[in-house]
Structures are given as structure tokens and as C-alpha cells.
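Please build the complete structure, drawing on both the sequences and the hints.
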Amino acid sequence: MSDYSPKILGFLCNWCCYTAADSAGVGRYQYPPNMRVIRMMCTGRLDPSFPLEGLATGADAIFVGGCHPGECHYIDGNYHALISTSLVHETMARLGINKDRLLIDWASAAEGPNFVKIITAFTQRVAELGPLGEAEGMDQEEIRAKLSAAAETARGRKVRTGLINASKEMVKGGDFSRQTISGLVATKCDKALTALVG
Amino acid sequence: MNTDVQTASSTLSGAVMVVGGGVAGVQTALDLTELGYKVYLVEKSGALGGVMARLDKTFPTNDCSLCILAPKLVEVGRDPNIEILTKSELVGLQGTPGQFTARIKKQPRYIDEEVCTGCGQCTLYCLKQIGDDYNENLEHTQAAHIDYAQAVPTSYYIDAKACLRLNYETCGLCAVACQAKAIRFDQQEKTLEIKVGAVILAPGFGRVSNEILARYGWGKFKDVLSAFEHERLMCASGPTGGEILRMSDQKHPKKIAFLQCIGSRDETCGNNYCSSVCCMYAIKQATLAREHDPDCEITLFHMDIRTHGKGFDAARERATKEKDFRVIYARPAKVEDVFDGGLLLTWATYDGQHHYEKFDLVVLSQGLEAPDDAEQLARAAGIELNEYLFAQTDNYTPLATSRPGVYVIGAFQGPKDIPESVTQASGAAALCAGQLAPARGSETIKASFPEERDISQEEPRVGVFVCHCGINIGGVVDVPAVADYAKGLPGVIYATDNLYSCSQDTQSLLIEIIHKYDLNRLVVAACTPRTHEPLFQATLRDAGLNRSLFEMANIRDQCSWVHIHEPEAATEKAKDAVRMAVAKAGHLTALEEQELPVTPSALVIGGGLAGMTAALTIAEQGFAVTLVERDKTLGGRALLLSADRYGNDPQKTICDLIVQVNNHPLITVHTKAEVAAVSGYVGNFTTTVTTHKASEVINHGVAVLATGGRPYEPSQYLYGQSARVITQLDLERRLAASRPLAKKTKQVVMIQCVGSRGEDLSYCSRVCCGQALKNAIRLKNAQPGLQITILYRDMRAYGFLEDDYRRARQLGIIFSRYEVADKPEVKLGKAKASPLQVTYYDSLLSETMELATDLLVLSTGIVPEDPTALAKMLKVPITAEKFFLEAHVKLQPVDLPVDGTYVCGLAHSPKSMDETIAQAQAAAGRASQPLAHGSIVPAPIVSKVDPELCIGCGACETFCPYKAIQIYKEEKKRKARTITASCKGCGVCAARCPTMAIDMGRFTFAGIMAQIHAFGLEN
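Quick mapping for you: the protein sequence lines, in order, are chains S and B.
Under my numbering, the residues of the first sequence are numbered 1 to 198, in order.
Under my numbering, the residues of the second sequence are numbered 199 to 1217, in order.
Keep in mind the hints are simulated off the structure, nothing from the lab.
Just to be clear, a hint being listed does not mean it is correct.
What the simulated footprint calls covered on chain S by chain B, stretch by stretch (three residues with Cβ under 8 Å from a Cβ of chain B suffice, anywhere in the stretch; the number is not a length) [what the hints assert, rightly or not]: (1) 31-42; (2) 48-54; (3) 100-112.
Okay, the calculated bits of chain S under chain B, using three or more residues with CB under 8 Å as the criterion [said to hold, decoys possible]: (4) 10-20; (5) 73-79; (6) 125-132; (7) 154-165.
Fair warning: this is a prediction, and the values are worked out from it, not measured in the lab.
C-beta: ideal position from N, C-alpha, C; glycine also.
Laid out in C-alpha cells, this is it:
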């Protein structure tokens, strides 16, 4: 496994993680060269299908990087990102894919070193898991086909209505812990996911 | 407030002359045109850029110097309201403020700027070799030349002293070679008379003379370099292509010594002051030398380590630790040559021991002097100089010279670094705008762009430009290979590599290539879109394309800089980034621009020296200001000081300021008030301010944060337990009394850095050393027989404060340096009334001393007022030390990353009163720009609803944080629509829409999907 180098796709928000990544560069902090970055204004833009599409299309893992909870440049986009990633985690679990392959974490604009720490540790973890399918004991082609179908599902009206309901309840309840959010998503999207993923 | 400038508006000029085209002059020129004034930018040499253009990197972040300067130079070159006069000098200034006539002597360039295409044929054919001044004469150029590749104006010129044709009537080959026919041997010196309302002097600094450098073997031994020479050697565009080589044998030095204070803090050369920047630049150079050669051993010889700027200590400590620097407190007296090519340094340490050691290379950290022609310039401008020939300014009007209407910024005002120079530049622009407010816009014209080409029916034709960024990218990533790779990507019509993609000549090249190849999308693989996107987007507009047809691949900040030791992997990553950017570019469409009105008023939070100065400087420009202060009165912490270092009482100035602020018709003051909520964005903020009685909603276009700081409360050294232990601020109060000291006081001890630099506060508070010196001198003046001992780590008496340090020593005040591992100890005396026992190790005497101390004064630092709540409301970042984090530490020192918000005073970092005033004026100047414009054009990244797909569920309306989406009814069907002016482009609506009916400008679903799929493809 020593020469295995995982492919990671990152979705970074412009204001925090992307800036932290830049400031890591300015400070010449070094980290493994495995991640490719897609910049978006806010992790709230993260369509739930994006991480699934990324895994389907060749990534071994996905990183979503936003502002610290409560510090979103757009007030609460990062909580919506948690809704989207919860769906992806739920889907991964149902497909038998190790949930560690998707990480959502935070680094503020001033936290270049923290960003480096997160990416270094994540790259290491993903390297331990090996290529997509290996830790799962599944055929890669098959798994990617399933992920592709799941991405399509995540673009469907049924799942997205579930996410809307989960988001509404999250905002209403005011509890933004990961556990609560993933619980909400699992409940609200259960039917749609069961019908399409199993 | 700065000067009593009396002007009659009828004849007031709306133009300002800026003398000096370095970073300070360039910044002030750009700020002035943004504020509505025409600028004549007068530069003595053949090109703008000044010293910053010669630097490889800038501290403390080691950002590439030219990379951050070049966009500004390009902007100046493009600005229709800036007239650049190169080879020009100010020789006279007649008239009164508002109506000056400036006389300019302009030397000929002998090449017509308007005609020259910058091709360089003249240099190629020129027979006369001359020393290349830009490269510190370490290599040659020709008499017909350009100073450096990115120079603005992008025009060559002929050195009149060297040219064979001009001196001997021979040669003239350049005129034959020049295809553009731009050579003009018959050009003559011209004298111009220009009417301006104000003048800003920014001539920069002069060099320490070669005689001083020669004392340390410079000029005699080839491997003794000045820091400026060393800087050029490190630079990719330098004489060795970025290799640090010994001039004697072209080998890499393995042992480098940096000698500090060359021509600074040195009475023998008349420069008694500290140059303020050399400690940091030496640490930068040492860090880079280690990066160039990880085996190279570095030794730094300091007298004191003066790294007092924001984040400097942290940067220094990290560099010292990671790069394993050896730091020696000593001043080697001379450099000797030894037979086998080494350089021998001899020095004595504090303990009296003598040492000697051989080095491969010695770098002289030379100080900053007043400009060579300071006296001439002072005569021409009619201003006074100080004893060191820097411009004379007052503590409370730091940017005003002795002549009303003439301002000074940058190193000519006193030795300083780039951010301080840039700060002063913005401050002086604000003062001019205040002085000339009635003439705003009277001499400016509006920039125009060619009509946008409609590309909606065209297939994507992508151009890719891959930047070397000197060696910043090119030193790690195989840039030509990336450019070659890009050529094969779908949709790419043209791809190439550039040394610096951001230089002005490259912008012209980009436009040329866009036209030549009919490109309709542009991808630049370079630094980061966060800093450089606006520059390339402006170029797109110049090329007749919509600015949204641009995408950047980040191959420096997130690639070459973070994978320095993995060139192959970094090259692969760069290729992937380019492939993904090209894929996205294919989906970019032209987006409509929207102009939004700006509420023409400002909110200033904090009513101390910074806040009041900012409020007044904005109001003087004619804009309404609301000033919010938490306390019941204005004034802030400056009222705690009872004298400045010149012996004046600052309270008088502060009280005058309070009266001015309270009486100004455009300023509304709310005391005992706090900000409860903020919403909106630049141009249209809405803030709720609450007082004990009521709450009020204020609409404003911009916000200045001047929330200030407070004294650190010590618990060390028996503070609070003994009445004999006080802080410097307690002492300030006592010194204002008629009898500051108890009768029998014989011995006073001051301890520096209490709680600072790694204790409770990680940082240096910058002002405590100066305050200790000031108070010690005041005590000594009040009671000459008093014994005063100051225990310090580094006496950070930067700039002209060094005069106080010297004076204190002359007065017999004893200074003793302590190690952080061996701090002084303080014990109570045996009897209640007996003195304290202060024990410390005296490194000069090499023994432990015990002092019976009547009064112990602790020099404690400054803590920022907790900015967390406000930072959250405004979405602006703060540092770990809880200071506001500026948008760019070097070139945007008072802007916060959120548009329309600015910071000044102690909320930014600890600083002195004059620095606070200059910074507040700068924040006021920057904040006034959107107000002066009257409108803003936000980035068109807003959401758009497809009514065909929309089912009117209203989820988007529910989740939009800005109420920027509304449900409306169309033929009885519910549909959503975006209120473009309110949308900030976060994209939550798009991610939540059940039918995917919403898409985002530039961050479209199709674009991101294309990026994901491009990611999946192998190279």
C-alpha cells in the first residue's frame, strides 16, 4: 500500500477554507498533494449529488471545507452543507461504503495551519482505507455505478423534498449538532432512499 | 483636522500631485482617483515600482513582492485619471493650498512612450553596456533599456549619460532597429507647470552610503553583500536567476552571516535612529536562503531584535525554530578576508567573551536613510526637515508637512515598512479629499471599456495562460509542461506560459491573443483568484469580453507553495487544476452587471482617538457619519496618557478632537451605545444601535471598526500586592501630579514585556518600550538624582524612538537585558515599609544583582477589546489574539475581507498615537471610496430561477439568509424569483431546490459537474 496515493476531491468555501488553504501556501506549510479543489462561494452551494458524483467519477474520498459553525459568511450555509453531507453519509452507509471517505470540516480564514492538519490527517486516513472498494470488499466498477445512480437519486424530487423538510426542522429546532442533523436527514429521506438505494 | 487649510472653492483644483512612484505613491494615486481626483504621478526614474519592485519577497508572509505590486502598477497604468510623469522632478511649488502651481522638470526618455511597443529591439541592438541598477549592478544592461520586465510604463528609455549617439554622435543603431520608429534623439528637457490643489510627497528612502558599507568589507571582498544585493540574488528575475551564489567563486554559500544595524543606530555615520525594518527583512532573507539551500547555516547578529509589527514576532519565532537560525546578540566590528576564501567575523558577547568564526557569505542589513535629494525636494516643496533630513511632521498630524496642503507618506516621513507606507498613502489621500472636497470630480473622466462582444452563439474558444510567477510556481511546477498539456484539452485554442501573468505587458499580450485567436473564455493558472481575479477580469473587459468569462486555476498558493519538495506531484496537480478550470470555463456565460446605489454615510464604531479621527476625516469629505461609543464620553484610552515623547500633553489634542467631533454638522454621536445587530452589505448596511433608553436603526454604506484596546492587567511581580508595584499607565497618572514620586524614592526599576511576548499575550505590544523610555526620562528630569534600571528583553525603540533610548542612556539610566528563561524576581522587603528586592542576572557584569527598589514599574501590553460579537455580526475574521484580520497584511492593511468594512487603531494591533491617527485617516479614506462613487457593482454571481422548472414550493424563500428570493404569482401559479440586489450568491437555494430550477452565476450546476467529471479523468 506504500505507493498508493488516494485521489481526493475537495469542495471549499471561498471565505474560510479556500482562504485558509491560500494562507497555508503563503506560510509555506506543506501537506500531501492528493486533493483537487473546487471553489464555491459557500458550502451551502454543495448540491447533495456533488460528493456522490465525485466518488462515482473517480475520487477515493471527498472533503467539504467550510467556515466554523456559527461563523458562516452567509449566516448558515454550512449547516445546509451538513444536511447535504448527511444525505451522502446515509447513502454511503446504505451502499456499504466506509463513511470516512467523506469528511466535512472547518477552518477559518486565519487557520492555515489547521487546514493543513485536517488535510494531512484526512489524506492519511484515506490512504489507510485504500482505493474505493478495497476497504469495502467490493468491485470498484460496480460501486461507482451504484454511486452514479445514487447521485441521480440525490437530484430527484423525492430525496430533495426530504432534505427540505430536514432543513426546516433543523432551523426550527435550532440544534445544529451533526448527530441531530444526520438523524433528521435519515428520517426524512428514509423512504426515498430505501426505494432507490435499498 | 490636519492643517488649517483655507481655500476658496471657486478656484479649487480637483487634482493632486504625487511625488514618488513607489508603493506609497502608487497606492495614494489609486486611492485619490477612486475618491474623485485627478493625479499627476511624478517619478524621478524611468519606471514606477520603487524599492518594492526590487524585492523578491515581503515579510512576514513571504509573499512574492512583485506579484502583489504588479496588479497595482497595471491599475495605475490603466487609470485614465492618473498622468504618469517619469524622469521628472518637482522643482518648485508656488501658490496656496487648493491652488498650487507645481513646476516639474522632465528629462527626456529619448523613446516616445506613446509609440514604444516594449519589444526590446533597441536593447538588443544597443552597443553601450551599463550597470543594471535594478539588479544592484550585479549584471549589465544596455543604454537603451527598461528597468524591469513588468515595469510601468511599459516603455523603454535611453540612458543619456551612456548613449553613444547622444554623447558622440555615433551609433544610432536603435533608431534603425526600432520597427515602431519610437526613438527620439532630439527630445529636450522640459519644464512643466501644473495646477494642483494638494501635493503628496512619497519619494521613499535613500541608501546608506558606500563608505559605511565599506567599513564591513563591502566593495573590497566580493562575498560581502548588501541586503539589497542579496535580495536580487534570491529573486528569480535577478542576475543569477534566483540562485544565491558567492560572487567570488559562483558556489552556493554554506554559512551565511547577517549583520544588523549597518548605517542605523550608529552615531559615527549620523544615523542615530533605528531603521525599523531591517530585523524583519533579515529574518525574511535568512528564511529564504534556507529554502534555497536547506543545508545552509544561518547566523544573525542583532543588537536588539526589533520585530514589533503585527504578527512579526510569531513569524520570527517560527522561522528561527524551523530554520534553526543561530541568533547572537553582538555587533561584529569588521569583516576580514582570510586566505582560503572565507570571511572572518570577530565579535564580543555581553559577557565580555571574544569570538571569531569564518563565514562563506556576509549580508549587511543596511538601514534606510532620507532620500539623497531630500534637501532639494524640501526646498522645492517648501517644507521643513528633521535633523536626519526626513520630513518634519507633528505627532498629531503625522501626514502633514510644515506647509499646509503638502503631505508626506512612506519612508520619507520616517523609516517604515510597506503596510505602514500603504496605510499612510490611503490616509493622505483622505486628507487631500477633505481639503479639496468641493472640487471632487471636477477634473476626472470616467473610464470606458470597449463594447462587449456577444459570444452567446459561439462554441467555447478557451485561452490558457500558465504563470511561472518567477520561481514561485516555476521553481516547483514544470510550467511549460502544464502549458503544453493545456493545449491538448478540449476547447483550448491557445495555451502558453508567462514569467509573470500579472504584469502590464502580459495584459497587453492577453488582449492581443484574445483578439488574434478569437478567444471567448480565459483561464489563468497562477496564484489565487482571491487576489488576482479582478485584474484579469479588467483585462477581459478591455478585450471586449464579459468579466464572467474568466476562470482561474490556483497553482501557487494551493500547489507550488505547499508541495515545495514534490515537484512531480505538484506538476500533476497543476495539470489537474488546469483541466478542471478549462472544463468549467466551457460552461461560463456572460453575466449582466448590476449597479447598486450606496447609502452615502458611514458608521464608525468606537469613539477613541482612532474612531474620532476616522469620523472626522470622513465628515470633512462631505459624508454623514454616525459615531457609536460604548462609554458615556468620547476619548477612549488615549486619555490615560499624560505626555507624549515630545513633552506635550495629548489630552489637549484629544479634548480638541472631542469638541470638533461633537460640533461637526455631519457627525451624529451616540454615547453609551452599542451595536446590537448588523445586516446588509457594502453600500447598504442596516445596523441597530441600542442605548440604555432606546434602540435606533441606522442605514449606512460603510463601517469603520475602531473598537480599541485596553491595558493588560498584570498579576506578576507582586502587582496588586504591594503599593510599590505599578504599571506604566499608573506612572503616567502620577507623572501628571505635582509630586510624582514619594519623597525618599531612590531606585526605580522598570520591567519590560510583563505578560507579553509569549506569556498571557503571545505578541509584542510595540509601544511599551517607547513608553518606558519616555517615562524614565520624565522621572529623571523631575528628579535627576534618581537611579533607574530598565530590565528588558529587546529594547524596541524603533524609528526615531532610538533618540529616546540614547538620551536615556546619556542620562544615566541603566539598561540590562534578561533572558526569557531567567526572568527578574521580585520579593517584598523585610519590613512593611522597606523597599522591594529585585533580583536579576546582569549579563554585562556576569553576576546576579539585587536592587532595593522603591518603585517597580511594569511595562504591560495592550489587549484588544473583545471583537467576537461584532466580528460575527459583520462576518469579518479575527486573529487568534483577537485583533481584526485585515484583507491583506501588506497591501490592504485597513480593509477587512468583507467589502465595505475597515479597521483602525488598537482593534487592528497595538500602536502609538501618531500611527493610530494615520491608520484612522487611512480607514476613513478607504471607507469613503464607495461613498464617493455613489454606487457599487457587485459580482454577478447571483441566483436565477428557471420558471419552467419552478414548482413554487417556497423552500428557497424559506432558506435564503438575505430574503433575496420571493414567491410571486403568475397566472395563478406560484413561482420564485431572485431579488438580484439582495442576493449574495451563497447558493443555498440552488442546493435545496427540489426540482433543480435554481442555478448560480459562475458557479453553475453544469460548471461544477464539468469540474467533477474533469477531475475524474486521468491526465
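Mind taking a look at whether chain B covers the region 125-132 of chain S? Criterion is 3 or more residues with CB to CB distance under 8 Å. With 0 residues close enough to chain B, the hint is violated.
For the region 31-42 of chain S, does the count of residues with a C-beta closer than 8 Å to a C-beta of chain B reach 3? holds (count 9)
Between the region 48-54 of chain S and chain B, are there enough contacts, at least three residues with CB-CB distance under 8 Å, for the coverage claim to hold? That given contact holds, which follows from 4 residues of the region 48-54 of chain S lying within Cβ reach (below 8 Å) of chain B.
Taking 8 Å as the Cβ threshold, is the statement that the region 73-79 of chain S is covered by chain B upheld or broken by the three-residue rule? holds (count 5)
Report holds or violated for chain B covering the region 10-20 of chain S, Cβ cut-off 8 Å, minimum 3 residues. holds (count 4)
Tell me if chain B covers the region 100-112 of chain S under the three-residue, 8 Å CB rule, please? Check passed, 3 qualifying residues.
Coverage of the region 154-165 of chain S by chain B (three or more Cβ within 8 Å): Coverage by chain B holds here, the residue count being 6 at a Cβ distance below 8 Å.
In this structure, the one hint that does not hold is number 6.
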